[in-house]
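The lines below spell out each chain.
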Amino acid sequence: EDQVTQSPEALRLQEGESSSLNCSYTVSGLRGLFWYRQDPGKGPEFLFTLYSAGEEKEKERLKATLTKKESFLHITAPKPEDSATYLCAVNWGAGGTSYGKLTFGQGTILTVHP
Amino acid sequence: DSGVTQTPKHLITATGQRVTLRCSPRSGDLSVYWYQQSLDQGLQFLIQYYNGEERAKGNILERFSAQQFPDLHSELNLSSLELGDSALYFCASSGSFGYNEQFFGPGTRLTVL
Numbered sequence: 231e232d233q234v235t236q237s238p239e240a241l242r243l244q245e246g247e248s249s250s251l252n253c254s255y256t257v258s259g260l261r262g263l264f265w266y267r268q269d270p271g272k273g274p275e276f277l278f279t280l281y282s283a284g285e286e287k288e289k290e291r292l293k294a295t296l297t298k299k300e301s302f303l304h305i306t307a308p309k310p311e312d313s314a315t316y317l318c319a320v321n322w323g324a325g326g327t328s329y330g331k332l333t334f335g336q337g338t339i340l341t342v343h344p
Numbered sequence: 008d009s010g011v012t013q014t015p016k017h018l019i020t021a022t023g024q025r026v027t028l029r030c031s032p033r034s035g036d037l038s039v040y041w042y043q044q045s046l047d048q049g050l051q052f053l054i055q056y057y058n059g060e061e062r063a064k065g066n067i068l069e070r071f072s073a074q075q076f077p078d079l080h081s082e083l084n085l086s087s088l089e090l091g092d093s094a095l096y097f098c099a100s101s102g103s104f105g106y107n108e109q110f111f112g113p114g115t116r117l118t119v120l
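Residue numbers (the working numbering), protein chains in the order written: chain P, 231 to 344; chain S, 8 to 120.
In short, the hints are calculated from the structure, not lab data.
Note that CB positions come from ideal geometry on N, CA and C, so glycine has one too.
Heads up, some of the hints might be wrong.
[Said to hold, decoys possible] Short derived list, chain P residues pointing at chain S, Cβ under 8 Å: (1) GLY262; (2) LYS272; (3) GLY273; (4) LEU317; (5) ASN321; (6) LEU332; (7) PHE334.
[Stated by the list, open to error] Taking lysine-lysine and the DSS-like style, the derived pairs with C-alpha atoms no more than 30 Å apart in a straight line are: (8) S/LYS64 <-> P/LYS272; (9) S/LYS16 <-> P/LYS287; (10) P/LYS287 <-> P/LYS298; (11) P/LYS309 <-> P/LYS287.
[What the hints assert, rightly or not] So the derived list for chain S, only partly shown, Cβ under 8 Å to chain P, looks like this: (12) SER38; (13) PHE97; (14) ASN107; (15) GLN109; (16) PHE111; (17) GLY114.
Bound-form chain P, shown alone (with noise of 0.2 Å):
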């Protein structure tokens, strides 16, 4: 069963043009919930961090939220050099064998045209 799904699968918005990216969960036993951006070829850059119900995150165009069930990920006045891949990923569970596993959602990748 998918843990972490985020939606859209692809976002395509004009320069200037706010919207919002989601990520819904169903683990249990949440430790962190963190986004980050992927350009093509290139590894994961670290964008926030979120660890409870209700926490914000801002950098300069982004703002990350987070409820008991989901995040959202705002951008709001998009430029074309936002555009990315965007990942959430998900440290969860009791411990154990698990402490360090991060689980990913798919991405959405987000164009933003001029």
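Following the hints, complete the assembly by docking chain S onto the known chain P.
Quick look at chain S alone, frame taken from chain P:
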């Protein structure tokens, strides 16, 4: 630049062969993680080492093994390679036991012919 380095950048080999991928974590980080990224499976966790000891394991194949050395660099060994092993392999590191953000390296692209 995350501070995590991986070598080689690209690797092309034949089925049945064995390869070794190398990773150096960020200065001061004790945890090293290995992930595999393929088009159909996305990013999949393979294994974590913390200060030289295995700490978490994902669906890593028996043909794959890893270790972390006293200087904290890590190697991922892939043997009896199959066409389906072709993928991007990423190493990540973090300063903690595993509950905080991980910083990824640039990856090694493995092509098995």
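- Identify every previously stated hint that the structure contradicts and give their numbers, smallest first. 9
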